[in-house]
Amino acid sequence: MFKGKDIVSIRDLREEEMEKIFEIARDMIPIAKGEKREEYLRGYVLANLFFEPSTRTRMSFEAAMDRLGGKVLGFSNPSATSISKGETLADTIRMFDAYSDVIVIRHPLEGAARLAADFAEHPVINAGDGAGQHPTQTLLDIFTIVQEFGHVDGLKITLMGDLRYGRTVHSLAIALSYLDADVHLLSPRTLKMPKHIIREMKREPEIHERLEDVIEDTDVFYVTRIQKERFPDPTEYMKVAGSYSITKEHVKKMKDRAIIMHPLPRVNEIDPEVDYTPHARYFKQAFYGVPIRMAILALVLGVIE
Amino acid sequence: MFKGKDIVSIRDLREEEMEKIFEIARDMIPIAKGEKREEYLRGYVLANLFFEPSTRTRMSFEAAMDRLGGKVLGFSNPSATSISKGETLADTIRMFDAYSDVIVIRHPLEGAARLAADFAEHPVINAGDGAGQHPTQTLLDIFTIVQEFGHVDGLKITLMGDLRYGRTVHSLAIALSYLDADVHLLSPRTLKMPKHIIREMKREPEIHERLEDVIEDTDVFYVTRIQKERFPDPTEYMKVAGSYSITKEHVKKMKDRAIIMHPLPRVNEIDPEVDYTPHARYFKQAFYGVPIRMAILALVLGVIE
Amino acid sequence: MFKGKDIVSIRDLREEEMEKIFEIARDMIPIAKGEKREEYLRGYVLANLFFEPSTRTRMSFEAAMDRLGGKVLGFSNPSATSISKGETLADTIRMFDAYSDVIVIRHPLEGAARLAADFAEHPVINAGDGAGQHPTQTLLDIFTIVQEFGHVDGLKITLMGDLRYGRTVHSLAIALSYLDADVHLLSPRTLKMPKHIIREMKREPEIHERLEDVIEDTDVFYVTRIQKERFPDPTEYMKVAGSYSITKEHVKKMKDRAIIMHPLPRVNEIDPEVDYTPHARYFKQAFYGVPIRMAILALVLGVIE
Chain A
23 MFKGKDIVSI
33 RDLREEEMEK
43 IFEIARDMIP
53 IAKGEKREEY
63 LRGYVLANLF
73 FEPSTRTRMS
83 FEAAMDRLGG
93 KVLGFSNPSA
103 TSISKGETLA
113 DTIRMFDAYS
123 DVIVIRHPLE
133 GAARLAADFA
143 EHPVINAGDG
153 AGQHPTQTLL
163 DIFTIVQEFG
173 HVDGLKITLM
183 GDLRYGRTVH
193 SLAIALSYLD
203 ADVHLLSPRT
213 LKMPKHIIRE
223 MKREPEIHER
233 LEDVIEDTDV
243 FYVTRIQKER
253 FPDPTEYMKV
263 AGSYSITKEH
273 VKKMKDRAII
283 MHPLPRVNEI
293 DPEVDYTPHA
303 RYFKQAFYGV
313 PIRMAILALV
323 LGVIE
Chain B
23 MFKGKDIVSI
33 RDLREEEMEK
43 IFEIARDMIP
53 IAKGEKREEY
63 LRGYVLANLF
73 FEPSTRTRMS
83 FEAAMDRLGG
93 KVLGFSNPSA
103 TSISKGETLA
113 DTIRMFDAYS
123 DVIVIRHPLE
133 GAARLAADFA
143 EHPVINAGDG
153 AGQHPTQTLL
163 DIFTIVQEFG
173 HVDGLKITLM
183 GDLRYGRTVH
193 SLAIALSYLD
203 ADVHLLSPRT
213 LKMPKHIIRE
223 MKREPEIHER
233 LEDVIEDTDV
243 FYVTRIQKER
253 FPDPTEYMKV
263 AGSYSITKEH
273 VKKMKDRAII
283 MHPLPRVNEI
293 DPEVDYTPHA
303 RYFKQAFYGV
313 PIRMAILALV
323 LGVIE
Chain C
23 MFKGKDIVSI
33 RDLREEEMEK
43 IFEIARDMIP
53 IAKGEKREEY
63 LRGYVLANLF
73 FEPSTRTRMS
83 FEAAMDRLGG
93 KVLGFSNPSA
103 TSISKGETLA
113 DTIRMFDAYS
123 DVIVIRHPLE
133 GAARLAADFA
143 EHPVINAGDG
153 AGQHPTQTLL
163 DIFTIVQEFG
173 HVDGLKITLM
183 GDLRYGRTVH
193 SLAIALSYLD
203 ADVHLLSPRT
213 LKMPKHIIRE
223 MKREPEIHER
233 LEDVIEDTDV
243 FYVTRIQKER
253 FPDPTEYMKV
263 AGSYSITKEH
273 VKKMKDRAII
283 MHPLPRVNEI
293 DPEVDYTPHA
303 RYFKQAFYGV
313 PIRMAILALV
323 LGVIE
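Chains as they are written, first to last, in our numbering: chain A, 23 to 327; chain B, 23 to 327; chain C, 23 to 327.
So that you can see chain A by itself, here it is in the shape it has in the complex (with noise of 0.2 Å):
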């Protein structure tokens, strides 16, 4: 079922293929920690298109592929590439459809993915493009919550920080409505979730300005970065981003099983400190990146069914 499709949106998966990556990722742990070896994907190609930096997903997306015997080729920086000669996208695509046997790939465009699909004989896999989707990330973290809790159904998920660039959140929010899970939103005014993401979840989530509104009863705080940038004027940045951080005070008040996620880079939204409590859970989160990739990568290329 899974052989040769792309993944470019979350929406592509239905629920029990989302279960399905789940399992076999779960079998991939022991594997993706090098604790246990399996060659399944020796002698495959993976192609690591990056037409915008990454560290985490292209690195786990490359670990994933090493852990399981297979090659990577591909860019980090597109200007050391002929793209700065003028190359479409269909023709790099066409080129690294050619040398590879399943293509992964970041664009800063919206639609860019969808158009790679379109082009490329083999699966291909978005790993973000634009304010789009970024669907391995939102499986990471879907499944880094099922890892704790078992479920999502009935869980209180804050995502909190900046909804309205942060690309994770969006389709994040949409695909835990779907799953039933009790999702409220946290954000300053500026940078609230956009309207026409909270139209294409299943139910109206709950809205909140400050974090002592939900912090008592939270079972996953899912952090995001605020970015500078975003802000024309510094202090209001500071004062903003002062209101949507984690600090040891915060944890205290917290659930004793609620966990905080973040996907990484963080920079001030979650003190150090916090780190070493029990509910930090952004570090693990970031390893399953690696089983989770190596899952869908297994799948897509039909090693295993």
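It should be emphasised that the hints constitute simulated quantities derived from the structure, not laboratory data.
Some hints here could point you the wrong way.
No copy labels: a pair is met if it fits in one copy or bridges any two.
What the hints assert, rightly or not - Listed next, the in silico SDA-like pairs over lysine to any residue satisfying Cα-Cα at most 25 Å (straight line):
| id | residue 1 | residue 2 |
| --- | --- | --- |
| 1 | Lys55 | Gly65 |
| 2 | Lys306 | Phe141 |
| 3 | Lys107 | Thr190 |
| 4 | Lys55 | Gly172 |
| 5 | Lys214 | Arg33 |
| 6 | Lys107 | Tyr259 |
| 7 | Lys107 | Pro130 |
| 8 | Lys274 | Pro294 |
Once you've looked at the hints, dock chains B and C against the given chain A.
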């Protein structure tokens, strides 16, 4: 006869050596496509040294090693290397010679690959030096023609576009003339094939300035990119570029079995609509870079005789 | 005794541990040359984190993994990573720690490697931090001497050139003194060995300003690059650089078995004519970077005991 051989210029290869490369390349096609696995180069390391940007050539060498189980190291951008500290090319080559089994070099200066071959103990493959040679490109171009027609001799082959600065067309023109093709040259006056190249050809080629003169009886159109930077006046560029590009209208006048090639990347020289006609061969040509380079690597490393 | 060990400073290694590394490195030489294949590190992933340009060190770690069947991920240029988004070094390290089995780090700031070792669960190898340590370079330097003379003690070893800023000579001077070499220092006044380094040496080294004073009875000349940027006045640089470089005339006055080493890249410190004399050992020294790093990787990963 190939083990340890440097491939610096297409003139380093006799006709029977070319045929040997093509024979091996044919066997490599299913491996290049990932349909068959043969790790001929397991344990071997290639140094891919790109002192100048290139995607297709660099990536197809990398794909060739990957598919055959080998490893690749090197750089795509000399600014992140100690070349920026003032190291001589000879010393850089000696270093990579100590770390690898075969060196691929692309360099902006003519003669760089020959110098590299002089200093390296391992075989060196020229991946383009200045306005000089790019023998693996020439081989894959000829291979594309041979795969299509079974032979080169007697075919009417029109090289068109920028014949003055276009690196690939120089060695191709010479090689085709020695393979007894009927070579025609079509370019704006300011971008004519240099006289010293014509002198090296076995037979004097016919020279044209209008596509209409050759469109009806050419077997192979070899189109090249006309770079805007070559023209001081942008309107001059627009006029010239337009006259040497191929549209769907042109295709209608072509022979049924005529094929269109291009070393890629292209900008406006071939209308995207032409991609879907049975004449387009440039994407297949780009793919053939992989089996051709697999064959060359396996031969110079001595794993296939 | 090595499994899981961080190699941050040469002081982390006792003399018998160095000897163990040399013993394994000797066995690795045929594998490093590609004459023998042993995939000790198949399935292992190395994170090669270069926050500062380096070719030789980065590439030799990569070649070491490649030759032993392992995989490498990482970066050579932090600008294409999320470090540019303001991520802390600790967070970057944690991410790569989750994606790999061993971390190699080169960083412009002294202490960066120690910090990395504190945050990573997997072993960390310092590939140079600021003006601080570069232990694998020190090991390959000593290995080169031992391979040549069978021992270090009692040899007259002259470190020459830029002893002030040259990172490699600091830890080398200390290590050689503890191995009972007769260390001599030769540099312009403005580029003298720092006093705190001399204080760390087991025995006070002899200090010279003229190559003539040591040329006749030195066993090992260890030449370093004098960087133009260190001098406000270019003529001053020319004068100084010229006085601490080695020409064919100097070579004539050397002992028959004297060897010349250099960490490379060199600029003008050694005349290329010297390369062809039996005294040149700098290219062999560069090659030894591969078996030394293979030995260290195999030991800290616990695949060889």
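State the violated hints by number, sorted upward, taking the hints as numbered earlier in the document.
-> none
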